[in-house]
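Asks: Residue numbers (our numbering), protein chains in the order written: chain A, 1 to 386; chain B, 1 to 386.
Treat the hints with care, as some may be off.
Cut-off 30 Å, straight-line C-alpha distance, at most; resulting in silico cross-link-like pairs (DSS-like, lysine-lysine) [unchecked claim]:
1) A/K313 <-> B/K11
2) A/K327 <-> A/K295
3) B/K313 <-> B/K295
4) B/K370 <-> A/K11
5) B/K338 <-> B/K327
6) A/K228 <-> A/K370
7) B/K313 <-> A/K327
8) B/K153 <-> A/K313
9) B/K85 <-> A/K313
10) A/K76 <-> A/K42
11) B/K85 <-> A/K28
12) A/K11 <-> B/K28
13) A/K85 <-> A/K28
14) B/K313 <-> B/K338
15) A/K28 <-> A/K42
16) A/K360 <-> A/K379
17) B/K327 <-> B/K42
18) B/K153 <-> B/K228
19) A/K370 <-> B/K327
20) A/K327 <-> A/K338
21) A/K228 <-> B/K153
22) A/K153 <-> A/K359
23) B/K11 <-> A/K11
24) B/K360 <-> B/K313
None of these hints come from the bench; they were simulated from the model.
Number of protein chains: 2
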Amino acid sequence: MLNFDFQNPTKLMFGQGRIADIAGEIPKDARVLITYGGGSVKKNGVLDQVKTALAGYHLTEFAGIEPNPLYETLLKAVDIVKSEKIDFLLALGGGSVIDGTKFIACASCYQGDPWEIIFSRGTRINGALPLGVVLTLPAAGSESNHRAVVTRKSMNAKISFYSTEIFPRFAVLDPTITYSLPPAQISNGVVDAYMHVLEQYMTYPVNAKVQERFSEGLLLTLLEEGPKALADPLNYEVRSNIMLCATLALNGFIGSGVPNDWATHMVGHELTALYGIDHACTLAVLMPGMLKVQKEDKRLRLLQYAERIWGLKDGDEDAVIDAAIDKTRQFFETMQLKTRLSDYGLTAENIPEILEHLKKHDMVRLGERKNVTPEVVRKVLELSLQ
Amino acid sequence: MLNFDFQNPTKLMFGQGRIADIAGEIPKDARVLITYGGGSVKKNGVLDQVKTALAGYHLTEFAGIEPNPLYETLLKAVDIVKSEKIDFLLALGGGSVIDGTKFIACASCYQGDPWEIIFSRGTRINGALPLGVVLTLPAAGSESNHRAVVTRKSMNAKISFYSTEIFPRFAVLDPTITYSLPPAQISNGVVDAYMHVLEQYMTYPVNAKVQERFSEGLLLTLLEEGPKALADPLNYEVRSNIMLCATLALNGFIGSGVPNDWATHMVGHELTALYGIDHACTLAVLMPGMLKVQKEDKRLRLLQYAERIWGLKDGDEDAVIDAAIDKTRQFFETMQLKTRLSDYGLTAENIPEILEHLKKHDMVRLGERKNVTPEVVRKVLELSLQ
């Protein structure tokens, strides 16, 4: 096992009806900015529940944080924070709203060009407003971690940053809130969480048995519960297990003390920034090819994955690995995600542009061995075409 | 899954050489009380490493916190805290030293009779000094949780208390520190951690798949690594996995959202208080009988345990369960723990005294269904005799 630090101070408030408890987590005299996206929190009653829970508080709203939240949009919220003297942020949403609110939290405290926060990958953050979360879409894990991804439209750039300042103080995880999600968002969420686990698990063994088994526990649970969530949308237990998986897939623990990959995510961000493909869909397209291209580097873990997740262990090693990768792709397809670049209208002609953007964002040595160069990514993209 | 809150702010600093990093976690002007037990931290170099790391700090030492730390001893440390104006506590040890230091932390801030802290089960705690931990014995999980157990000799009472005030700020987990532990302490630690998992896992299903699989991951890892730690004491990877298991077995997560048992611990505490039997040994003696007596209440989970942990699933259900319980007992014996009350010189004549003490400490409705009455405990004790 590698040396590591792990700390996650976010308070998880899990279960039906927990929005009612948020007033206990926010100072009574706080001036709160409630942030959300396209307005689904109005339709599903979340915003009303929050206002009821926070009766008597000074509340301001900022709507319109889009999927893959835009730097340009978020700066408008920073202006409101300053003009309204906001001192607590409450994000109602999924990864995009939460990530955007994390940026608002630190940009509101930053002296200088706020783009530096993102371009420094968070190292220049010197403080942040406290934030809480009411999670509406289990997927990104942003509700209990210290990372965020923001897109700057004018640069076609989607970039992650990190800071212990942006851990949410609390996250309400009420599975019933997810009942009204469209099936595509359920699917994306399950696949996104699955892929978060793979990015931390599908590397090489360092004898970290606990992290491996926790990862496998999350993968198995997502495999069992994901299809049920599509077939039986009002099943509380299924939604509960998915919600908790998504949070734990990226709360930092399973990636502690082990090598981390994240190459698929980095390439996926470019596909989203360039072509607007949903985040989870980019991962579903890229991961099978990424695993095939890196079969030798990841051989031991691929065999472990094949056996413990898919029950595949007999016969030729390469055949076992190929079968496990095929089953992984089939799972994404069972979750109604398309898994080829051609499904999104992309062809071999797009590959040079994707590679160029990776180079522009300094994404030239990816993966746990830093050997996923643009030339390796070219092979992955070629395998992902059809 | 049941509703729950989960928050654990302790920073884990894992790996070889991490004591060197503790100065980054303690204010430079802090007046630090270093607490420890019988002096093994002098022999194994931990105390020297700590003093080197904290060169320039105002340091005071308090030695002599015994296994099952005594209220009477700890009050002496509270006097030192007050006279030396201590404002940070640093525990070097295992569960006993850490638990004792947690009590010192809150007793130092308490106005009134400090016994009220314990007898109120922590509800009267109104503040605590900050504390850090250098873990020397992986077992209790106290290094990253909010519970402690203190014994009051004059009353033969061993009682747990809880407070979010007593989460350690940080815990150094350096597996090499455990190399010099005597085999009996390794054994006790592995069995104690295993039993902490069972107390949170061996109840009834509430469809909490993540918690179940995490628990099973810890059990499997302890089963694999425990015997190796005895056979190959300088194996860093084995020690690493055990250390992390012990911490995660009782950091609060696997017991969140699920029923908790803890009856075996409560009865075990009485055996320790009355007869001085090591904590883990009391658990190894009691658990097999506790599972047999509660076979109906725990049937579904016992079958899951038999299959996922021991690979037992074919044939008569009762035979499968009995075999799983037998294998559990054999594991304790493989770890060199004795598993009968008679091994500790106890007979049927001791049973009334044990039940009387349970009643005195209001431990009359134990277990996840609150149906483990003294009469049920009597049956467990009778099954545990030979």
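Asks: Now tell me if each hint is right for this structure.
Replies: Going through the hints against the structure:
no.	hint	verdict
1	A/K313 <-> B/K11	violated (38 Å)
2	A/K327 <-> A/K295	holds (15 Å)
3	B/K313 <-> B/K295	holds (16 Å)
4	B/K370 <-> A/K11	holds (28 Å)
5	B/K338 <-> B/K327	holds (14 Å)
6	A/K228 <-> A/K370	violated (37 Å)
7	B/K313 <-> A/K327	holds (26 Å)
8	B/K153 <-> A/K313	violated (57 Å)
9	B/K85 <-> A/K313	violated (62 Å)
10	A/K76 <-> A/K42	holds (21 Å)
11	B/K85 <-> A/K28	violated (34 Å)
12	A/K11 <-> B/K28	holds (29 Å)
13	A/K85 <-> A/K28	holds (15 Å)
14	B/K313 <-> B/K338	holds (28 Å)
15	A/K28 <-> A/K42	holds (24 Å)
16	A/K360 <-> A/K379	holds (19 Å)
17	B/K327 <-> B/K42	violated (39 Å)
18	B/K153 <-> B/K228	violated (37 Å)
19	A/K370 <-> B/K327	violated (45 Å)
20	A/K327 <-> A/K338	holds (14 Å)
21	A/K228 <-> B/K153	violated (55 Å)
22	A/K153 <-> A/K359	holds (18 Å)
23	B/K11 <-> A/K11	holds (14 Å)
24	B/K360 <-> B/K313	violated (42 Å)
Violated hints, in rising order: 1, 6, 8, 9, 11, 17, 18, 19, 21 and 24; the structure is consistent with all others.
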